[in-house]
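Chemist: Spelled out, the chains give:
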Amino acid sequence: MRMMRTKIKKRNSLILLLGLLFFLSCGTGEHVRLRIEMPRKAPINLGDFEEIAITNFLVKEEAKDFDLNKELTEYFAVEFGQKVKNKISSTEVALQNEEVFQDITFWQKVSPDKKGTLLFTGSLEYTEEVRKAIKSASKRRFEEPFPEESRIEERRFYSLSLHLYLIDAQSGDALYKRTFKESKAYKNPNQTSYFAFYDMMLNVRDKLFRQILGEEQIQERYLIK
Amino acid sequence: MDKKAIFFLLLLPLFMLFTRCAPPLPKSQLHFGILAAQRDLWDEAIFRWKKAAQLEPDSSSAHNNLAVAYEKKGLWEEAGKEYEIALELKPKNEYIQANYEKFKQRMEEGNKDEDDANKDKKKK
Numbered sequence: 001m002r003m004m005r006t007k008i009k010k011r012n013s014l015i016l017l018l019g020l021l022f023f024l025s026c027g028t029g030e031h032v033r034l035r036i037e038m039p040r041k042a043p044i045n046l047g048d049f050e051e052i053a054i055t056n057f058l059v060k061e062e063a064k065d066f067d068l069n070k071e072l073t074e075y076f077a078v079e080f081g082q083k084v085k086n087k088i089s090s091t092e093v094a095l096q097n098e099e100v101f102q103d104i105t106f107w108q109k110v111s112p113d114k115k116g117t118l119l120f121t122g123s124l125e126y127t128e129e130v131r132k133a134i135k136s137a138s139k140r141r142f143e144e145p146f147p148e149e150s151r152i153e154e155r156r157f158y159s160l161s162l163h164l165y166l167i168d169a170q171s172g173d174a175l176y177k178r179t180f181k182e183s184k185a186y187k188n189p190n191q192t193s194y195f196a197f198y199d200m201m202l203n204v205r206d207k208l209f210r211q212i213l214g215e216e217q218i219q220e221r222y223l224i225k
Numbered sequence: 001m002d003k004k005a006i007f008f009l010l011l012l013p014l015f016m017l018f019t020r021c022a023p024p025l026p027k028s029q030l031h032f033g034i035l036a037a038q039r040d041l042w043d044e045a046i047f048r049w050k051k052a053a054q055l056e057p058d059s060s061s062a063h064n065n066l067a068v069a070y071e072k073k074g075l076w077e078e079a080g081k082e083y084e085i086a087l088e089l090k091p092k093n094e095y096i097q098a099n100y101e102k103f104k105q106r107m108e109e110g111n112k113d114e115d116d117a118n119k120d121k122k123k124k
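Chains as they are written, first to last, in the working numbering: chain A, 1 to 225; chain B, 1 to 124.
Just chain B, same shape as in the assembly (with noise of 0.2 Å):
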């Protein structure tokens, strides 16, 4: 093989590296939510997820991060509207779904509680 054409064979996926693949900025926000999350800093995740949503108000992705968020910091009405939101945007998305559900059942254990004792104010 030609050595000039084995240094351009190389020098290509270095640059794919660096410009074609380097990820676009809401991607960059997605990823950079991510690293936060691993690390438990859910509110540097929450921002990064928030902008990129801003940035791509169509990315799934971002609203299916930012409910997983909400979830944690224990805000219910926040968390499920993303999900919902996420789920309109890619209805299939076996992530968002398996998400949704395990969100949904812990929900409806807590307001089992809360149901009950409707119940008996209404029977009274």
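Extracted from the complex, chain A is given alone in its bound form (with noise of 0.2 Å):
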């Protein structure tokens, strides 16, 4: 009787080790998934120019407690020298309305001694607004020795709205305009609008420079077999 179950004991382990032969010798899926770091297309090569010359922006709203045009000038151009290897400058022009941006001879006259110069510039709207409402108490089920009472709640809305441009200070071509609108909301009174500019400025210096250095961005693939 033993015998007979020790029998039937290795047959199956033989049956077992010759189906996972079997599977091992053909089985192939049909597919890989990768994922892999993708460059972007770029919509301008940065390195056909030697220059880029930032500009004061057309500010549509100024901000109460600080200066958005110094800020804004110094921010980008601290960003452009650490991202691109361009030489960096800055230059004052008279930026009356938003139509001038659409202007090739106005763009022309800007820096015609320059050539190879890309002329970062732009318009920018910064509002701020306090809104309140009424928070009602939540209802319990059970009585609570210190109930919570309807009251009023503040929150800050700040919300930035950003036109920028890179024009060829040569041919006075606009190469690449884009709107980037952000927006935030604090539930802390204090917070300043300086901190809410910066706080969204990181989230528009990501997305400006992920597109015009065509930076590189996680995709997902298939290679077939």
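Only true hints are included.
Partner residues aside, some chain A positions facing chain B, computed with beta carbon under 10 Å:
| hint | residue |
| --- | --- |
| 1 | 30 |
| 2 | 41 |
| 3 | 219 |
| 4 | 221 |
| 5 | 223 |
| 6 | 224 |
| 7 | 225 |
Pairs of lysine-lysine residues, derived as DSS-like cross-links and limited to a Cα-Cα distance of at most 25 Å, are as follows:
| hint | chain 1 | residue 1 | chain 2 | residue 2 |
| --- | --- | --- | --- | --- |
| 8 | B | 51 | A | 225 |
| 9 | B | 81 | A | 225 |
| 10 | A | 9 | B | 3 |
| 11 | B | 4 | A | 7 |
| 12 | B | 50 | A | 225 |
| 13 | B | 102 | A | 207 |
| 14 | A | 83 | B | 73 |
| 15 | B | 104 | A | 41 |
| 16 | A | 225 | B | 27 |
| 17 | A | 109 | A | 177 |
| 18 | B | 73 | B | 102 |
It should be emphasised that the hints constitute simulated quantities derived from the structure, not laboratory data.
Being a predicted model, the structure only gives us computed values, none of them experimental.
Here a beta-carbon is modelled for each residue, glycine too, at the ideal position from N, C-alpha and C.
If you follow the hints, you should be able to join the two separate chains into one complex; please do so.
Modeler: And the structure:
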């Protein structure tokens, strides 16, 4: 009886082994999924330009407690300096309205002596808003010793709208233009608009450089066997 | 079971493993390319997949994989052409379709800025 059992066990394990060998010998999947860091197609080749001149910006609505133009030009000067190899400079331009960004002759006159210069310019609107709402007390099933009362809650909303342009100083053509809209809400009533501005600029910076430098992004692709 | 029969049955899958199921040359180039790509050796992968495409021009897999490699290298035109060839060979392959859709989407994002700039030029 015992002999029979061991024989059956041996046979079963042999069948299993055979099955496994068959599976290994011909078993292949059809595809391989890969996560790849893919470059983006950059809309502009910054290597074609020697210098990037950052101009002042057309500010549609001034911030109360800080100079928007100064902060923005300084911020972009530092960021461009870190991210690109081009020479970075600043230049003053008399910006009257939004239409000026489409005016080729205007931009050709900005720096006629400078060949291979790219002008970084744009307009912005920065608004601050305080929104109040009555927050009603939540209804509890059981009696509470210190029940919550309805109260007025306050939120600070900030929104930033930036129209950015990269203009060829020689031809006056806008080689890149993009609008960035950011908004943030803060519960803390003491949150300054200065902090909110830089908080939103971080997002703008990441999006802008990802686009113009064609920075890599993780993408999923299938390789087929 | 007869001992001889068991021996031959064991030998059969091993034989298949080394002979019948061993990939033919274009397939092995494809496989080698995939291994290279998985190790981030994209130039080697391109070399292998090009060979596979030469040996078997109707291989949609070789063209699809080449397209992915070209995309990785930033060679957009070449990538687009290879995806189109792969789709012509196997229009209903869901993996090629998925790759091509994602590729087109990224190209459209990149071209959007160029289009905006060109539209402005035309207006003027």
